[in-house]
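Undergrad: Residue numbers (the numbering used here): 29 to 156.
Keep in mind the hints are simulated off the structure, nothing from the lab. The structure presented is a predicted model; accordingly, all values stated were derived computationally and were not measured. Here a beta-carbon is modelled for each residue, glycine too, at the ideal position from N, C-alpha and C. Each hint can be trusted.
Below, in silico cross-link-like pairs of lysine to aspartate or glutamate (DMTMM-like), each with a Cα-Cα straight-line distance of 20 Å or less: (1) Lys39 with Glu81; (2) Lys119 with Asp96; (3) Lys39 with Glu61; (4) Lys119 with Asp78; (5) Lys90 with Glu135; (6) Lys119 with Glu154; (7) Lys90 with Glu123; (8) Lys90 with Asp78; (9) Lys39 with Glu83; (10) Lys119 with Asp137; (11) Lys119 with Asp131; (12) Lys90 with Asp137; (13) Lys119 with Glu135; (14) Lys90 with Asp138.
Computed beta-carbon distance windows for the label pairs: (15) Pro121 with Gln51: 47 to 57 Å; (16) Leu52 with Asp84: 19 to 29 Å; (17) Arg147 with Leu77: 12 to 22 Å; (18) Leu100 with Glu34: 39 to 49 Å; (19) Leu100 with Leu77: 18 to 28 Å; (20) Gly122 with Trp37: 34 to 44 Å; (21) Gly122 with Ile48: 44 to 54 Å; (22) Thr129 with Arg151: 21 to 31 Å.
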Amino acid sequence: MISSLENVWAKATSEAHGRILTQLGVHHVVYPEHDMGQRVAHLVRGRMLDYIEFEDDFAMVKTNPPADIIGLPLSNSAVRTRYGITVVAIKRPGEGFTYATADTVVEVDDTIIVAGRTRATERFSELQ
Numbered sequence: 029m030i031s032s033l034e035n036v037w038a039k040a041t042s043e044a045h046g047r048i049l050t051q052l053g054v055h056h057v058v059y060p061e062h063d064m065g066q067r068v069a070h071l072v073r074g075r076m077l078d079y080i081e082f083e084d085d086f087a088m089v090k091t092n093p094p095a096d097i098i099g100l101p102l103s104n105s106a107v108r109t110r111y112g113i114t115v116v117a118i119k120r121p122g123e124g125f126t127y128a129t130a131d132t133v134v135e136v137d138d139t140i141i142v143a144g145r146t147r148a149t150e151r152f153s154e155l156q
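Please take these sequences and the hints and turn them into a complete structure.
TA: Okay, structure coming up:
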């Protein structure tokens with residue numbers, strides 16, 4: 029357990045263990061094995077390059093762009109309305125990640141990071 033004056037963090041090995049820690053006053057209970065298991069499951073079964081799920085049904089996915097948005101500025105691709113996701117970053121081969129803008133044109137060899145509801149990001153990454 030790591031603690032400070034205001035925050036106590038603890039690792040739980042099960043839901044029951046987590047409930048006990050919460051009842052004891054632990055402020056932040058983490059489940060690293062469970063969380064990593066979910067992340068690996070997403071990576072193994074899909075075409076995602078990386079996956080992070082947050083609480084409240086929100087996720088960020090690193091993936092390759094689907095063919096129907098290649099060659100278009102993001103504002104013209106309508107990814108937000110068609111797929112319910114937002115392209116937040118883009119990486120060109122040999123370059124680092126940069127923020128995506130409405131004027132960003134997605135190219136075939138790009139890697140993109142998208143954010144949105146968990147299921148929407150999963151569906152989008154399967155479009156390749």
